[in-house]
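Novice: So the chains spell out like this:
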Amino acid sequence: MNKLHIEPLEVEKTKVVISDLQEQEAENGILLVISGEIDMRDPSEFILPYLLRIHDEAIAQKVKILSVDFRELSYVNSSGIKTIISWLMKSKSLPGDQGYKVRIVQNSDIPWQESTFPVIQKLFPELITFSQD
Amino acid sequence: MEKESKIYVELKFGPKWTYISTVRTFVENFMAITLENKKQATSIAMAVNELIENAVKFSDLEGSELNIYVTSAQKMIKVIVSNHASQENIADLQSCLQELFENPPLDAYIKRMKDSSIAINGKSALGLARIRYECQADISTSIENGIVKITANIPIEKWEASHE
Numbered sequence: 000m001n002k003l004h005i006e007p008l009e010v011e012k013t014k015v016v017i018s019d020l021q022e023q024e025a026e027n028g029i030l031l032v033i034s035g036e037i038d039m040r041d042p043s044e045f046i047l048p049y050l051l052r053i054h055d056e057a058i059a060q061k062v063k064i065l066s067v068d069f070r071e072l073s074y075v076n077s078s079g080i081k082t083i084i085s086w087l088m089k090s091k092s093l094p095g096d097q098g099y100k101v102r103i104v105q106n107s108d109i110p111w112q113e114s115t116f117p118v119i120q121k122l123f124p125e126l127i128t129f130s131q132d
Numbered sequence: 000m001e002k003e004s005k006i007y008v009e010l011k012f013g014p015k016w017t018y019i020s021t022v023r024t025f026v027e028n029f030m031a032i033t034l035e036n037k038k039q040a041t042s043i044a045m046a047v048n049e050l051i052e053n054a055v056k057f058s059d060l061e062g063s064e065l066n067i068y069v070t071s072a073q074k075m076i077k078v079i080v081s082n083h084a085s086q087e088n089i090a091d092l093q094s095c096l097q098e099l100f101e102n103p104p105l106d107a108y109i110k111r112m113k114d115s116s117i118a119i120n121g122k123s124a125l126g127l128a129r130i131r132y133e134c135q136a137d138i139s140t141s142i143e144n145g146i147v148k149i150t151a152n153i154p155i156e157k158w159e160a161s162h163e
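So the sequences go chain by chain: A and B.
Under numbering that gives the first Met the number 0, the final residue of the first sequence carries the number 132; numbering is consecutive throughout.
Under numbering that gives the first Met the number 0, the final residue of the second sequence carries the number 163; numbering is consecutive throughout.
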């Protein structure tokens with residue numbers, strides 16, 4: 000079990016798995032692997048509450064880095080983008096010493112990731128960093 | 000322009016949400032054997048997905064129509080999605096589109112991202128802003144007798160040798 004004590008989520012074609020980040024330089028980090036597809040009508044019904052629960056627990060546990068691995072997420076519709084933005088907005092609104100940074104691990108061979116992430120980065124230049132697969 | 004196209008898809012289906020991903024997959028496969036750039040085939044399938052989702056959200060009756068025309072002369076994909084909508088939904092759509100077209104594609108997309116995260120009715124037009132910027136789509140609309148028709152002209156890069 001991860002330090003946030005949150006179980007994986009599997010809803011429709013989307014799967015989210017949480018584990019503790021093993022890297023030495025990120026002693027208090029969490030790894031989130033989101034895979035499959037997000038093409039449901041309303042991701043705010045299941046996925047957003049789940050991400051906000053992670054957000055709340057991450058604050059409580061003083062997590063400093065949240066690495067989100069999107070490499071196996073082959074499709075996201077605009078409602079899914081809205082869900083990701085809503086979650087990142089929550090993180091952005093926190094004072095610097097209380098929040099966490101988000102590192103997005105992306106796969107540039109997947110077209111939506113290549114075209115959508117650069118725009119999201121413009122919205123959250125201080126909050127998120129990117130790394131390729 | 001449609002009549003000049005020798006490569007096309009015309010589909011009419013009940014606008015149920017569960018059909019959308021099946022249509023997206025079909026369009027992606029169709030485009031993958033038409034275009035040299037396979038990533039662009041996936042991007043066009045994404046655009047179709049967003050337009051159909053939009054049609055389902057704004058539609059008030061069964062039946063949504065999808066037309067895709069590949070026009071080699073203009074190196075363009077024309078995607079047309081039509082559906083019937085209530086006067087209230089048409090007014091919502093027109094309001095969203097007016098705001099969308101007031102700004103350049105990237106600015107409008109970023110604004111829609113921000114606004115959609117606090118929107119409560121799910122009709123943010125983020126999908127239209129997305130394809131306008133990510134697919135460089137030129138979007139136009141027409142409304143006649145309660146039928147909303149959204150047209151997206153998407154430029155394409157290269158063609159398979161058989162379609163030159």
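No wet-lab data here; the hints were simulated from the structure.
Please note that a few of the clues may not be correct.
Once the Cα atoms are required to be at most 25 Å apart in a straight line, the calculated DMTMM-like pairs of lysine to aspartate or glutamate come out as [stated by the list, open to error]:
1. Lys110/B with Asp41/A
2. Lys15/B with Glu36/A
3. Lys15/B with Asp41/A
4. Lys38/B with Asp55/A
5. Lys121/A with Glu64/B
6. Lys121/A with Asp137/B
7. Lys12/A with Glu27/B
8. Lys38/B with Glu125/A
9. Lys148/B with Asp59/B
10. Lys113/B with Asp96/A
11. Lys38/B with Glu71/A
12. Lys38/B with Glu6/A
13. Lys113/B with Glu6/A
14. Lys37/B with Asp108/A
15. Lys89/A with Asp114/B
16. Lys15/B with Asp68/A
17. Lys37/B with Glu6/A
18. Lys113/B with Asp68/A
19. Lys12/A with Glu113/A
20. Lys89/A with Asp68/A
21. Lys37/B with Asp55/A
22. Lys11/B with Asp41/A
23. Lys37/B with Glu36/A
24. Lys121/A with Asp106/B
25. Lys89/A with Asp106/B
26. Lys113/B with Glu36/A
27. Lys100/A with Glu11/A
28. Lys89/A with Asp55/A
29. Lys113/B with Glu44/A
30. Lys15/B with Glu6/A
31. Lys14/A with Asp108/A
32. Lys37/B with Asp96/A
33. Lys14/A with Glu27/B
34. Lys15/B with Glu44/A
35. Lys61/A with Glu11/A
36. Lys38/B with Glu113/A
37. Lys121/A with Glu98/B
38. Lys91/A with Asp108/A
39. Lys91/A with Asp106/B
40. Lys74/B with Glu113/A
Novice: Compare the distance between the alpha carbons of lysine 121/A and aspartate 106/B with 25 Å, and conclude whether the hinted pair is satisfied.
Specialist: 10 Å, holds
Novice: Checking one constraint from the list: CA of lysine 38/B to CA of glutamate 125/A, max 25 Å. Satisfied?
Specialist: 30 Å, violated
Novice: Compare the distance between the alpha carbons of lysine 110/B and aspartate 41/A with 25 Å, and conclude whether the hinted pair is satisfied.
Specialist: 20 Å, holds
Novice: Could you grab the alpha-carbon distance between lysine 100/A and glutamate 11/A and see if it respects the 25 Å cut-off?
Specialist: 28 Å, violated
Novice: Would you check the hint for lysine 37/B and aspartate 108/A, treating anything up to 25 Å between C-alpha atoms as holding?
Specialist: Given pair lysine 37/B, aspartate 108/A holds - Cα atoms ~10 Å apart, limit 25 Å.
Novice: Hey, lysine 121/A versus glutamate 98/B, does the alpha-carbon distance stay inside 25 Å?
Specialist: 20 Å, holds
Novice: Going straight from one Cα to the other, do lysine 38/B and aspartate 55/A come out at no more than 25 Å?
Specialist: Distance of about 37 Å is beyond 25 Å: violated.
Novice: Take a quick look at whether lysine 121/A and aspartate 137/B sit within 25 Å of each other, Cα to Cα.
Specialist: 23 Å, holds
Novice: When you check the alpha-carbon spacing of lysine 37/B and glutamate 6/A, does it fall within 25 Å?
Specialist: Outside the cut-off at roughly 37 Å; violated.
Novice: Does the structure keep lysine 11/B and aspartate 41/A at a Cα separation of 25 Å or less?
Specialist: Since the Cα atoms of lysine 11/B and aspartate 41/A sit roughly 24 Å apart, the hinted pair holds (cutoff 25 Å).
Novice: Sort out whether glutamate 6/A lies within 25 Å of lysine 38/B, counting only the CA atoms.
Specialist: Violated, at roughly 34 Å.
Novice: Would you mind confirming whether the straight-line C-alpha gap from lysine 89/A to aspartate 55/A stays at or under 25 Å?
Specialist: 10 Å, holds
Checked against the numbered hints given earlier, the structure breaks hints 4, 5, 8, 12, 13, 16, 17, 21, 27, 30, 32, 35, 38 and satisfies all the rest.
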